[in-house]
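Undergrad: Can you join these two chains into the complex? Each is in its own frame, and there are hints to help.
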Amino acid sequence: MREVSIIGIGITKFGELWDKSLRQLGLETGLAAISDAGITSKDIDALYIGNMAAGSTLQQEHVSALMADYCGLASQNVPATRVEAASASGGLAIRQAYMAIAGGFIDIAVVGGAEKMTDVSDSESSYTVSMGSDEQWESKAGATFASLHAMMTQSHMQQYGTTREEMSAVSAKNHYHASMNPMAQFPFTISSEAVSNSGLVSSPLRMLDCAPNSDGAAAVVLCATEKAKKYGKKSIRIIGSGQASDTLSLHHRKHLNQMPAIRVAAKRAFKSCGKKANDIDLIEVHDNFTISEIIALEEIGIFRRGKAAAKILEGETKLGGKIPTNTSGGLKARGHAPGATGIAQVVEVVQQLRGEAGDRQVKDAKIGMVENHGGTAATAVIHILEGE
Amino acid sequence: MNGIVSYGAYVPSHKIETGEIASVWGADGSAWAKNLNVYSKSVPGPDEDVITIAVEATRQAMKRANLNGDHIGAIYTGSESHPYAVKPTSTIVAEAISATPNLTAADYEFACKAGTAAIQTCLGMVGDKQIENGIAIGVDTSQGAPGDALEYSASAGGGSFVIGSKNVIATINDTTSYTTDTPDFWRREGQKYPRHGGRFTGKPAFFKHVISCGMMMMERAGTEAKDYDYIVTHQPNGKFPIRAAKTLGFTNEQFETGLLTPRIGNTYSGAVFLGLAAILDIAKPGDRILAVAYGSGAGSDGFDLTVTNKISKMDRSETVEDMISRMKIVNYATYAKYRGKLKMGSTK
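Here the protein sequences come in this chain order: W and P. Going by our numbering, the residue at position 133 of the first sequence is 145; the numbering climbs one at a time, nothing skipped. Going by our numbering, the residue at position 193 of the second sequence is 484; the numbering climbs one at a time, nothing skipped.
With the rest of the complex left out, here is chain P (with noise of 0.2 Å):
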C-alpha cells in the first residue's frame, strides 16, 4: 500500500517565550500562556525563511531513507510565507536535493492545510504510477503582527514527507477532506499580516471543519478513537487541538505526543507534519495514526495511517524533540530584528 516512505522535520534553534512578548505590550504574560496553553514559540533566524527549513526538512528525510534526487518525480511545498509571490519555492529545494530537472514541482496555498494538499496529490500521482515518489512539504515562517493576539503564537517550523508505494514506513489507509467556504483568517496580497475573524476562527472553522473531518475519516475507516495510538490535529494554539480530540472521543495519552504547539507555537502549515513526524520519531510497527490538518478559508484534510515494520530499520535520530530541546531563548529586541520588525536606517 502507499503512504509515507520517509520524513524529515526542522525546528528553528530559537524561541521566545510568552511572558517576554507580554511585557513589550504591558499585557499578562501568565495569562496569556495559560489561556492559549502556548508557553514559548520558535524564532527563525535572520538567515532562515520557509525555503532554508524546506531544504533541512527534506534533506533529513532523503537521507533517512537513503534516497536520492533521481528517485523524486514531484515536489509540492505548501506554505502561506512563500519567500516569493511569484517564483516557486519547490523548485529551490529540488535543486538543493539534485531532483532537477526530470520532476514537477509547484507550491500550494491553503493556509495551514496546503501541505497536506501536497500529500494528497503526491498520493494520487503515486497512486496512478505517474511518480515512483513525490515529496510533499509542510512549512511555515508565519506572520504575526506586533501586539496583535497572534504574535503570542506564530511561529516558524515545517516537515517534509516522501510519499511512495516501496518500503513505506506508514501506509496511508485512506484520506477524505472536508472543504467549505468559511472566512475566518485571510491575508490579502501585498499584506504584511494576516487578518483574523477573532473567535468566529473557533466554533464554526477550526472545529466544524477539523471535528467533522476526523469523523468522516473514522467513520470511512470503519474506526473508533480506540482503535488509534496516536492522533495529531492542526493546532493554532495549545487549547484548541485538546478540546478538538477530546470532541473526537481521544484521551491525552494520544494527543500529547503530537501536540507541540505549547512549546512551539503555531507553525502553520508545519503544524500537522511536525506533529506526525514527531509520533513517527517514537511509534512502533503496528501503531495507527489519525491526522487532521486544517487550514483557513477553509478545509480539513484527513488521513488513516498504520505504521509498518520498515520504521524499525529506519535511522530516527535527530527527533523532533532533540530540535525542540536544543531551542535557545531570545529576548524581544532580538526577536524584533530576526523578524524583520525593525526599521533599519540607511548605511553609506
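So here's chain W without its partners, still in its complex pose (with noise of 0.2 Å):
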C-alpha cells in the first residue's frame, strides 16, 4: 500500500452564499486546490465529490460530472464520482481518493465538497437533513436531527451529570475559534451565557447547541507521497484512515449517549498508524450538535466516556489548552454545508499542520486527527494526518 499525502487545498467562505450557485462554488474550490498544489488539470487522475443535498435542494443529481465538466475537466475525460453519506460525505469522499492512491490505481484526485442549504426555506433545507436518518423509523414519524440529539444530550447527563454550563463551554469555545478563521460564517465571540438562553429547540438543545445549514465548499488535492516532491508545496501525509458504519437509526442502539461507530473507525485509523489518542496535537470533530462533539471526544479516546464535558469546560480543548479541538469554529460557528463539511475539516488541520492557520495556530503540531460523521454516527469516518 503506498502512502498519500495531501499536496493542495481550497475553500470558501461559509455562510449565505446567495449569489454563488454548486458550480460556482465547486469550481472556485476545485481551482484554488489546483493551484496551491502546483499541478494542472492533466494531472488529475480522478476527481470524487462529496455531495449530500443538490437533489433535494436543487433538483440536481449528476453532481459528479457537472463538478468535472464546470472544472473543465469533462475534455479530458476525468473519472468523476460522487460520494453520499449524508454529513459524512466529503470525509468519506477522501477516503475514496485515499484508497485509490493508496492501493495504486491512481496518482493524483481531487476532493471536493460543495453544498446549497440555504437556496430553499428553513423547513425544506431542515427536510432534506432529516433524510440522513431513518426514513421509516425516525423521520416519517417527526423526528428531527434535533430531537434526536436531545435524547441522546438527555441521556448522557443522566448518566454522566453532563450540565448545561458544559453544553455551553462547547459552542462558546467554538465560536471563540471562528473569530479567528476568516473563512466562518459566524466569526464571532459569543458568551455561555448566551448558548444557555438561547431559544429552546428541543430540550435541552437550543438554538446555539445547533450547528446552522450552511452553503460553502472545500476541496484537497491527494497524491502519492512518493511523487509528492514533484510539486514542492508542503505537503501532508494521511497516515491513517478509518471508517465504520452502525445501525441508522438511534433507537435500535445499546446506548442512547454513545457512537459506537467513531468508536471502531478511530480505532481502525490508530491502528493503521500505530499512533495512540495522546500522540494527537489537534483535532477536528463533527460538532452538528454540542453533544456530538463530547461524545465524539469520548468515543475517540481523548478523554474517557463521562469526562469530556468537564474537560471542555476547563478548557483543555480551548486553543492553547491540552488538545485543542474544532480550532477552525467548528461547524456550529465556522458553518455546516454537509457534502464539504468533512473536506472543511481536513482542509483546517492541513492548515494547521502547514503552520499557516493565522492566529488560531496550534503551536508545534504535528498529527492532526479529523472526525466526521453522518446522521447520529451511523457513518463514522476518521482521518490522521502528520505534518513534515
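To be clear, the hints were calculated from the coordinates, so they are not data collected in a lab. Heads up, none of these hints are tricks.
Here are the computed lysine to aspartate or glutamate pairs in the EDC-like style, where the Cα-Cα straight-line distance is at most 20 Å:
1. P/494 with W/134
2. P/494 with W/28
3. P/494 with W/31
4. W/242 with W/55
5. W/242 with W/400
6. P/483 with P/340
7. P/499 with W/131
8. W/54 with W/238
9. P/499 with W/28
Source: prediction; values computed, not measured.
TA: What follows is the structure, given as C-alpha cells:
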C-alpha cells in the first residue's frame, strides 16, 4: 500500500452564499486547491465529490459529472465519482480517493465537497437534512436530528451528570476559534450565558447548541507521497484512515449516549498508523450539536467516557489547551455545509500542520485528526494527518 | 410644485398582542416581540377589507381638503390583498367618494410598494396636466399563515394621498426607484398565504433596495441625512427600518415618528402611507421628509418631500396616533374568527 499526501487545499467562506451557485462554489474551491498544489488539469487522474443534498435542494443529481464539467475536466474525460453518506459525504469522498491512490490505481485525485443549503426555506433544508436519518423509523415519525440529539443529550446528562454549563462551553469555545477564522460563517465570540439562554429547539438543546445549515465548499488534492515532492508544496501525509457504520436509527442502538461507529473508525485509523489518542496534537470533530463533540471526544479516547464535558469546560480543548478541538470554529461556528464539511475539516488540519492557521495556529502541531460523521453517526470516517 | 394635496389614514380598531399569538403555538412571546420589535398588530374586523379601509382613508383625505369627487381624475390602489382577483378595488372607492364616471382607475400590485408606485403614476399624470388631482392608495389586510413567522407581524391598515398641483401641503421634490428581480417573498395565484425566503428577505432584499434607493434619492436631491426632519421607510418588522435608517445616517428622532410597526404590525402596502401620514399629522411648514418604500420581488420607491405653509390651515384632527390609541385588544380566538381562520360548519 502506498503512502498518500495532501498537496493542495481550497475553501470558500461558509454562510448564506446567495450569490453563488453550487457549480460556482465547486469551481472556486477546485481551482484554489489545484493552484495551491501547483498541478495542472492534465495531472488529475480522478475527481471525487462529496455532496448530500443537491438532488432535493437544487433538483440536481449527477453532481460528479457537473463538477468535472465546470472545472474544465470534461474534455479530458476524467473519472468523476459522487460520494454520499449524509454529513459524512466529504470525509468519505477523501477516503475513497485515499484508497484509490494507496491501492496504486491512480496517482492524483481532487476531492471536492460543495453544498447549497440556504437557497430553500428553513423547513425544506431541515427536511432534506432529515433524509440522513431512518425514513421509516425516524424522519417519517417526526424525529428531527435536533430531537434525536436532544435524546442523546438527555441520556448523557442522566448517566454522566453532564450540565448545561458544560454544553454551552462547547459552543462558546468554537465561536472563539471561529473569531480567528476568516472563512467562518460566524466569526465572532459568544458567551456561554448566551448559549444557555438561546431559544429552546428540542429540550435540552438550544439554538446555539446547533450547527447551521450552510452553503460552502472545500477541496483537497491528494497525491501518492512518492510523487508529492515533484510539486514542491509542503505536503501533509494521511497516515491513518478508518471508517465504520452503525444502525441508521438511534433506537436500535444499545446506548443512546454513545456513537460506536466513531469508536470503531478511530480504532481502525489508529491501528493503520500505530498512533494513539495521546499522540494527537489537535482535532476537528463533527459538532453538528454540542453533544456530538462531547461524545466524539469520548469515543476517540481523547477523554474517558463521561469526562469530556468537564474537560471542555476546564479549557482543555481550547486553543492553548491540552488538545485544541475545532480550531476552525467547528460545524457550529465555521458552518456546516454537509457535503463540504468533512473536507473543510481536513483543510483546517492541513493549515494547522503547515503552520498557516494565523491567529488560531496550534503551536508545534505535528499530528492532527479529523472526525466526520453522518446522521447520529451511522457512518463515521476518521483521518489522521501528519506534517513534515 | 406638485405634491400631496391631502392625506387620509385608517387603522382597524382591534389589535392582538405578540405574546397572545406566541402562547397559542407554545413559543416565547417575549422573545418574539423583542426579536421582531413588534409588540402588537392591528386586526381587521369581520366587516373590514382592503376596500373598506381604502374608502375610510380616502374619505378622510377628501374631507380634510374639502374636495369632492369632481376634483378627482384618477384613482390607483396598491395592495396585495385586493378582495377580488378580477374586479378593481379602485372603482368601488371611486363610487364611494362620488368620483365616477369621469375618471380613470386601476389596481396595482407590487407587494408592499404598490401604493407608492401609484403615487408616481399620479405625479406623472398631474405633471402632464392630464388630471387635476389623482388619488394614490396603499392598503392591505395582509396574510400570515397560522404558526408562520409572518403571523406575528402581518396586519391591516392603509392610507390615501391626493396628488395634485394646487394647495399642496407637501411638495414632492423628486422621486426615484430601484428595481431588480429578487424572489424574496411571493404568493401564487389562488394561494391563501404567501411564502418567503426566510433570512433572504433581509440583506439581499429589503436592505439592498431600501438603502440603495435612499442613497440614490439623497444623491439626486443633493442632500444628506441631516437635511431631513423625518424619514419613513417600509417596515416589515420593527428592526429592519431602524437598521436601514441608521445605515443611511438617520437618528432616532428622525425615524421614530413614522415607525408604527412595533404597535400596529406590518401593514404592507399601507406601511409607508401610514408612517408618512403620522409624520404629516405633526409636521411643520419647511420640514423635509425622506420616504422609501419597499416591495418584495423587488423594488424601492424613494420620495423627497418638503412640507408647505398650506399644512397649517388643514384640519389634522383624527390623527394616526388617535386611531392607534383607540385599538382594543382581542384574543387569538377572536382574531381567528375575524380573519376567517376557522372552518365553519354549514347551517340550515
